[in-house]
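Asker: Let the sequences and hints guide you as you build the complete structure.
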Amino acid sequence: MAENVVFHFDIDGEDFSSAGGASVTVKKKLRQLGIDSEQIRRVAIAMYEGEINMVIHASGGTADVIVSDHEITIVLADHGPGIPDVSLAMQEGYSTARDHIRSLGFGAGMGLPNMKKYTDSMKIETELGRGTTITMTVNIT
Amino acid sequence: MKISDLSAFLELRVLSGDPCREYDGVYSGDFLSRAMSRVKADNLWITIMNNPNVIAVASLTDAAAVILAEGVTLLPDAQNAAGKKDVCVLTSPLSAYELCVRIHELQKSHAGV
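In the order they appear, the protein sequences are chains A and B.
Quick note: the first sequence uses this note's numbering, first residue 1, plus one each step.
Quick note: the second sequence uses this note's numbering, first residue 1001, plus one each step.
Honestly, the hints are just simulated from the structure, not real lab data.
Certain hints may be false.
Non-contacting residues of chain B with respect to chain A, defined by C-beta distances greater than 12 angstroms in every case (computed) [what the hints assert, rightly or not]: (1) Val-1026; (2) Asp-1062; (3) Thr-1091; (4) Tyr-1097; (5) Val-1101; (6) Arg-1102.
Below are the EDC-like pairs computed for lysine to aspartate or glutamate, each with C-alpha atoms no more than 20 angstroms apart in a straight line [as the list claims (entries may be wrong)]: (7) Lys-29/A to Asp-1062/B; (8) Lys-1040/B to Asp-15/A; (9) Lys-1040/B to Glu-14/A; (10) Lys-117/A to Asp-15/A; (11) Lys-1084/B to Asp-85/A; (12) Lys-1002/B to Asp-1030/B; (13) Lys-1085/B to Asp-15/A; (14) Lys-28/A to Asp-1086/B; (15) Lys-116/A to Asp-85/A; (16) Lys-29/A to Glu-1022/B; (17) Lys-117/A to Asp-1062/B; (18) Lys-28/A to Asp-1062/B; (19) Lys-1085/B to Glu-1022/B; (20) Lys-28/A to Asp-1042/B; (21) Lys-1002/B to Glu-1022/B.
For glycine and all other residues, C-beta sits at the position ideal for the given N, C-alpha and C.
Answerer: Shown next, in the form of structure tokens:
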């Protein structure tokens, strides 16, 4: 790949019916680029979790995916409330999702843990009242 | 084994997609993040959740099919999404537990155990 391939998405907040649309699109694009199916799966899972988090907690945001020769970078940015305790939020099973969100099948407290599990690196930059930016990479082998 | 063979054995009703695909393994659960991390490519996913997000998760995980237990059918938005994403969805009056048992029995007989 001579140049990086970049995809940008605006994630609509509170729209659960279309949540995950960006991840599905990225999955298709990565297939077209000939990326290994397991790496595509990892990107899709991590990005979907991030997308859902932005819809649930931050009224949406943006998602950028950069594909280079050696890695896929996913940058998820929102202007939501921020994460008060990142280490607590990283624990499996911890969730602040409300009941109506849980009734949709979300709020298992697996979002951030899944994002970390399925990527090779993850950085969380968050500020209360300002928003959160999560940068994840998946290595291309 | 093909989903269509399983469908005939369990009298499943196809709600969306092509049941001719082969499946391998089963996951049962309703929390989407759990399913996201546990459903493997070509798995059957048994759930009672029927919203459009189920279709997104099935598509992203490359599940062979979603089987809705307890006679659940897809909500209109989910039906539409399943058609667009070409996700195979079936429904059964059986519970998730009964489906798992019956599928296991079929697998055993199919393997000649």
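Asker: Please go over all the hints and tell whether each is borne out by the structure.
Answerer: We went through each hint and held it up to the structure:
no.	hint	result
1	Val-1026	holds (18 angstroms)
2	Asp-1062	violated (7 angstroms)
3	Thr-1091	holds (17 angstroms)
4	Tyr-1097	holds (19 angstroms)
5	Val-1101	holds (24 angstroms)
6	Arg-1102	holds (24 angstroms)
7	Lys-29/A to Asp-1062/B	holds (15 angstroms)
8	Lys-1040/B to Asp-15/A	violated (27 angstroms)
9	Lys-1040/B to Glu-14/A	violated (28 angstroms)
10	Lys-117/A to Asp-15/A	violated (26 angstroms)
11	Lys-1084/B to Asp-85/A	violated (39 angstroms)
12	Lys-1002/B to Asp-1030/B	violated (24 angstroms)
13	Lys-1085/B to Asp-15/A	holds (18 angstroms)
14	Lys-28/A to Asp-1086/B	holds (13 angstroms)
15	Lys-116/A to Asp-85/A	holds (16 angstroms)
16	Lys-29/A to Glu-1022/B	violated (25 angstroms)
17	Lys-117/A to Asp-1062/B	holds (18 angstroms)
18	Lys-28/A to Asp-1062/B	holds (12 angstroms)
19	Lys-1085/B to Glu-1022/B	holds (18 angstroms)
20	Lys-28/A to Asp-1042/B	holds (17 angstroms)
21	Lys-1002/B to Glu-1022/B	holds (4 angstroms)
Figure legend: structure checked against the earlier numbered hints; hints not met, in rising order: 2, 8, 9, 10, 11, 12, 16.
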